[in-house]
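Participant: Residues per chain, in single letters:
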Amino acid sequence: MMDFSAFLDQIWIARFAILKGLGITISISALSIVVGSLLGVLVGLSLVYGNRALRFVVRVYTDFIRGTPVLVLVLASYYVLSTIGIELGPFQAGVLALAIFCSSHVGEIVRGGLQAIPQGQTEAAKAIGLTFRQTFAYVLWPQALRQFLPAWVNTAAEMVKASTLLSVIGVAELLLRTQEIISRNFMSLQFYFFAGFLYFVINYSIERFGKYVERKTAVPA
Amino acid sequence: MTVHQGNIMTISLRTSALCLATAFILSAMPAAAQQATSKLDEVLARGHLVLGTGSTNAPWHFKSADDKLQGFDVDMGRIVAKALFGDPDKIEYVNQSSDARIPNITTDKVDLTCQFMTVTGERAQQIAFTIPYYREGVGLMLKADGKYADYAALKAAGSSVTISVLQNVYAEAMVHAALPEATVDQYESVDLIYQALESGRADAAATDQSSLAWYMTQNAGRYKDAGYGWNPQTYACGVKRGDQDWLNFVNTALHEAMTGVEFDFYAKSYKTWFGKDLAPPQIGFPVEYK
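Chains A and B, in that order, are what the protein sequence lines are.
Going by our numbering, the letters in the first sequence line up with residues 988 to 1208, in that order.
Going by our numbering, the letters in the second sequence line up with residues -17 to 272, in that order.
So that you can see chain A by itself, here it is in the shape it has in the complex (with noise of 0.2 angstroms):
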């Protein structure tokens, strides 16, 4: 009982250091989700509809990137881009990287969604007299949404976990503030198990959204 008000103590004392980590972790991971997520879907896109050209292009751009492991992106990112002139701070270099692995995953997602659907409905689609944009929009788009809705949600709660690695350029987002926290007062286990507990919370909020959003979307039986 002694070491759990002790703990909540520190906690208290160290309360602003874990709420900014908290801020830098959800904002860089709110970043990453939504560029990634727009760069993903162009990528996507790409995959599908493109020409060979194009999609020769994408297609080496997505197996290169999905796999590179995320901290050797976070690395090249930071320090091989400062090489050709690029100087980028941590903070933008760390979203830079997570954006654009996010980008390669979503991409696949969506090409998966959008090849998922039977080839009969773009024929019927046409048959009815449909142009392609047309069938894109109104047809294969919202089907394929609800394809790829589940697996964007996973990827949005593995781009959280990827933000701690922007630890190592230095980018003071949780992890690092919770390490900064245990070498002053040497409380390892509780304090892991505290950051891991507000990347669950972080986490699970995501996936109800995500849930939330299925709900909303789904067609009606």
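Don't read these hints as lab results, they were simulated from the structure.
Note that the coordinates shown come from a computational prediction; the quantities given were computed from them, not determined experimentally.
Worth double-checking, as some hints may not be accurate.
[Unchecked claim] Derived coverage of chain B by chain A (criterion: at least 3 residues anywhere in the stretch with Cβ under 8 angstroms from a Cβ of chain A; other residues may be distant):
#1 39 to 45
#2 85 to 93
#3 164 to 173
[To be verified] The calculated lysine-lysine pairs, modelled on BS3-like cross-linking and capped at a C-alpha distance of 27 angstroms, are:
#4 222(B) / 206(B)
#5 72(B) / 50(B)
#6 206(B) / 258(B)
#7 72(B) / 1007(A)
#8 1007(A) / 206(B)
#9 258(B) / 50(B)
Cβ coordinates follow ideal geometry from the N, Cα and C atoms, glycine included.
Start from chain A and add chain B according to the hints.
Facilitator: For chain B alone, kept in the frame of chain A given last:
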């Protein structure tokens, strides 16, 4: 059609000219910069020092309860800032992990790194080390009211002594270099090796003397040093290679903090983080030549 083509021609000509010019400027710039100015001038013109250090290792570089970076490494940077601007606070910190120490120096993300960096031959090929500001070694910490009085008593007790140590490939060999027969218990984190000592599962904790000194300062009267150190390592700051002017300046600042006008600054920091008073350098014949 012809006009159109002509346009493309002009644009591509202009673009290639621009590319050439850019390439020329880019290739000319570093050479010119190196000849004309040193990092020293750059830092002075900028008005603050960019110091690379960590934030997760007490007493070297860590955050105070009010979220300020502090520690012995940080104070070394403050000594350099004071020498530069007469103000130890004119520092922009780059928070970096231990892995980032050398890359951040070589890619110019920092002017100077002070982050308990052990001097090794391999590292000295990549960056330039300043003069040392501390010598680290492994020490043994005992409970103040414990069974063993000092290192001699631990050694005499032979295999009945248990030492708690941080998990490491070399941990066993490291302890046995000082206590050949002792039982070695390895733990995953620093707090656990201290806990083992506190709870009596270990008779002594072996780790970096600076960490022990800090812990003993934090818990005054509960622990004592066994009075033996081994595994020496030199800590020095690092700068980019090839800028002797800047290296000389940092060396001078550190040197005078350990032997000259800024000795009080250094001694105060030493007392704060390691809990020991330093004797002032002997007046008269310079201590360096003894």
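Participant: Can you give the numbers of the hints that this structure goes against, from lowest to highest?
Facilitator: Failing hints, ascending: 4, 8.
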